[in-house]
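Colleague: Sequence:
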Amino acid sequence: MSRNIFIAVSTGQNVANLPPILELAEKGDRVLWVESRVAREQGWTAGARLVLEGYKIGELAPPLEVDEINNPIEVASRLGCREDVVAEIKGGASLFIVANGGHKLTPIGLIKAFDKHKPTILYGDDRPAVLHVFRDGLGGSPETMPYSRHRLDLSDILRASGYAVPSGTEQPIKLWPANRHLSPPNESYGVDAERTASIHDQHHLWGLAEARPGEPVTFDRAVARLHESEMVGFVKAASQLASRLRKLKVRDVSSLETIPERARNEARAAFNAASRLVSSAQLAEGRGGLVAPDTKIGTVFEEAVARRLLAWLAGKEGLDRGAQSVWWNVNVASTAEPGTIAAQFDLLIVLKNGLLLHIECKSVAADQKDLDARLLNLQRAGSRLARMAVCAPIYTQFSGEPWFEHYHAFRAKVEGLRDIPFLPMTLPGQPASYRRKDGDGVRKIPCATFEEAVERFVRPYIPDP
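Residue 86 in our numbering sits at position 90 of the sequence shown, with consecutive numbering throughout.
It is worth saying that the hints were derived from the structure and are not from the lab.
Beta carbons are placed, not taken as given, at the ideal position from N, Cα and C, and that holds for glycine.
It is possible that part of the hints are untrue.
FRET-style restraints, in silico, Cβ to Cβ [unchecked claim]: (1) 381 with 327: 18 to 26 Å; (2) 141 with 381: 16 to 24 Å; (3) 311 with 144: 15 to 23 Å; (4) 38 with 194: 24 to 32 Å; (5) 257 with 233: 14 to 22 Å.
Given only the sequences and the hints, what does the whole structure look like? Please build it.
Modeller: Here it is in structure tokens:
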């Protein structure tokens, strides 16, 4: 039985090669990887190879090595010498060239090497998520189709990039298309307007308090202000430090240089713990008689966004033409350091072309450095074409509340960034705009609904019917 042969160029974004291959490949098909020197040195092919092995797609070994991937003449010359590929074609195998990898000139070399064999050329687009199939080489127009066959999903995409969801940690929840019905919410946040505003009022007052300056906080005053468990934990840590220092038999403490490094590390840890405890006590005194908020706003906000996204997904026909799945609360670690969480993603939309769309839920402020770092982690775990949007509350009927100004300013900051869209979390039926002073006048600021904003974020990736 003849098998298909796929030729693909190894890149640092190998997930781009996988959807075109998996859409048309059968079990037993093989891939010939074209590797540059950098690809060989950095092991770019390893993750994609593991993914394909999971689908029973092998490799035509060894990979083709080229010094200059952007030189079509060298690529064509080296490929033309691969007699095993020619033998497969003569034996009846169909040849497919994946044009997603390498530089702009790379596909020219791939096509030139096998032009006389009339290879089928594949190119996976990013927006919308479609596959262009040139069945007669470059001799005819492409057939453009949505992905409908492959099952490439989150775990495969992470594996291709050298990441995984670590075992032993909280596992992500697949919201869609599993028709997941979340348990009833513990809070009416995001649905009941007054309760939502009340939670923000509590957190705003709690956050306004500052550490009270003045005399140092004594142990007894800290006991009076902090939770007992914090003080018990500190006493235990102090006792353990004293015990370890005795075991180290530190004799000369005339200067820091005479204290052994292990003892200094123990002292450093104890000092930092004590410093944090004092800061907490000072802040508790500054808050005086304020009662701590009874709801963790970050938790209820993220849950409310997940529910709204799930409801939007349920009402969108044809979404499965471009989207593969949607996940909530995804923790990932690199395979090199499986015990360390490298990134956390609130809501991930997996597209059928292998791209990830992340909705970062923010109930508190974040600066550009933090957002840039989160986008970088997303692109490392997925690909450089992965995108992130930031979602924060914009409850227009409460635009006169003190806490609303914080979110208005945050919205303006995010909307000033080039690559990160802003998604307002809105309340059902809220006003479509709010007002803010602008010089000597008042400016009316429109606010789309959450669903309208998500539509704008996701729709460009979904093929038309």
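Colleague: Indicate, hint by hint, whether the structure satisfies it.
Modeller: Evaluated hints:
1. 381 with 327: 18 to 26 Å: holds, 22 Å
2. 141 with 381: 16 to 24 Å: holds, 20 Å
3. 311 with 144: 15 to 23 Å: The hinted range 15 to 23 Å holds for residue 311 and residue 144, with Cβ atoms some 22 Å apart.
4. 38 with 194: 24 to 32 Å: Because 53 Å falls outside the window, the suggested range is violated.
5. 257 with 233: 14 to 22 Å: holds, 19 Å
Taken one by one, the earlier hints fail for this structure only at number 4.
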